[in-house]
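**Student:** So the chains spell out like this:
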Amino acid sequence: MSQTLLNIKNLYVNYETDEETVRALNGVNLKLNKGEMLGLVGETGAGKTTTALSILKLLPKDIGIITNGQIEFDGKDLTKLKEAELRNIRGERISMIFQDPMTSLNPVLTVGEQIAEVIELHKTLDKKQIESKVNEMLELVGIPAKRKKEFPHQFSGGMKQRVIIAMALSCDPELLIADEPTTALDVTIQAQVLNMMEELKHKLNTAMLLITHDLGVVAQICDKVAIMYAGEIIESGTAEDIFEAKEHHPYTVGLFGSIPNLIEKTNRLKPILGLMPDPTDLPQGCKFHPRCPQCMEICRKVHPDDRQTETHTIKCHLYK
Amino acid sequence: MAQPLIETKALKKYFKSPSGSLHAVDGVSLKIDKGQTLGIVGESGCGKSTLGRVIIRLLEATAGEVLFEGKNILKYNRNQMRNMRKEMQIIFQDPYASLNPRMTLSEIIAEPIKVNKLLKNRAEIEKRVTKLMDTVGLAQRLINSYPHELDGGRKQRIGIARALAVEPKFIVCDEPVSALDVSIQAQILNLMMDLQEEMGLTYMFITHDLSVVKHISDEIAVMYLGQCVEKAPSDQLFQNPLHPYTKALLSSIPLPSLKNKGNKRDIIKGEVTSPINPPPGCRFAPRCPHATEECMVRDIELIKAGDEHFAACRLYGRGFDAE
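So the sequence lines, in the order shown, correspond to chains A and B.
Each step along the first sequence adds one to the number in this note's numbering, with nothing skipped, and position 290 is 290.
Each step along the second sequence adds one to the number in this note's numbering, with nothing skipped, and position 131 is 131.
Derived by calculation from the structure, the hints in this document are not laboratory data.
We put the beta carbon where it would ideally sit given N, CA and C, even for glycine.
Hints should not be assumed to be uniformly reliable.
As the list claims (entries may be wrong) - Only some residues are given here: those of chain A computed to face chain B with a beta carbon under 10 Å:
#1 56
#2 158
#3 214
#4 244
#5 270
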């Protein structure tokens, strides 16, 4: 039986500034089992990164506020933990890979020192053991161990991303959060990194939350998929549910219709009309209704509930 | 025979760098017919943007020719070039950086009309701006907005309206949708295709996104380290890629479908080599699974491999068949 590792329940996050309140997350429910790979998909501003940051409690201080909900990790509610307890979890049991490999490494430390730092902080190992662990991690991600004495600027974009992955995995975390790990890379390099991440998943059995806007990446490596829109998960399920089932949320349909097809010939794309709603002024009822081609009377007034069929969940009035 | 609108012959652009000469564009010969779209694909650093800029003379070429309706525009003087600018425009990648933050939307769109003295009367200019805004789908209420008040998709629409303001024949589109979300990207692509149909525009569409390029192009040229390695009509390129680099590029694209999940894809090893003082021979040879010593000896030219299909690979020069 698969065990639940991460369980986000009804999570609300606001960004509060002097002038306005940005409602970034509006009731996110998300479950991730041990060893699973979940793809969190959505466009800019959907709340994907906010979800990731709230798991690690890295939201901007005093501005990003969790107003409601729980984040259970291995049975413990992360929202209630103290800073010191969190520090033992961050980087050790949950680690994160950020989008931009160019800016998330320290330019004045060698990559070896940067990987060693993580291990030193979390494990009680002597110098020699740390050294061999660093070598092991670099080899794991396909970088010759002798390059550990080099600085980040001596590595290419794809190699830097590998270094960051090595760093994130160096304490054998149970959960790895990857925020657009391949977006800044070229396709041939992206393919190399994705392949490596898939191999590592089989080797280490780490659960992964992969944040991306690219449905192609999700199709390739994820077991489960959740689609976000305006701070909510509007559809979720197994990869089969999202890519092959007949019933979908109209937003999911629009998202697929917007991608030019490489296999079949299409003359015109079928984009979603309009824009994402302003998170400081969200519409009543279903948040997608102003852009929805199948909008009904009820959608304007009543917020839809989840409809669950086995593994597939859709938040839409079309399905009862 | 129809004359191509734009033709480049052995076009080269080298940049000087402290460690030697950087071959950004190294002998590219292309043709674009009127009303067609040529897609240029390649990874970062392959010289695709430089090529676009050299063609419209935003950068001066090191060698070669650019023929616009049969005339070599690289020989034009300042005044002649000034007139040419009306015929050729460019849409830039980053809609955030390519618009002047201190000008309103109407000032931005009106500027090329004023600079080129196409219309002098204020009322006429205003009328033209209003019409252009309609054409690209910008609401009239936005006419006095500044770029920072608008989202990425709308900003890119301004960039398109500005390019159309002088009624050009040819537009270089340098990654016009790369900075946009997919749903907005689809809106802009549809708009660009509609405009091409209505106005008979000719596009050179530069992008790294293969699914976008397939969607919008009639013909595609694949670039690797400053050289065009394969050129074919869009469908042919995707159905029957010949050059090993094109094959690798196509198999690297993650498709949004589960059909190929778990299939082993051919992934090329290694990374792009340095464009500074490149050694002779095929630029792709160091990563190519089929490379032999012969590939490293001399440069390899585009060879006719099919009806309108050209590839720069030794595999196809001597009657080798595609595997």
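**Student:** Identify every previously stated hint that the structure contradicts and give their numbers, smallest first.
**Tutor:** Violated hint (a single one): 1; every other hint is consistent with the structure.
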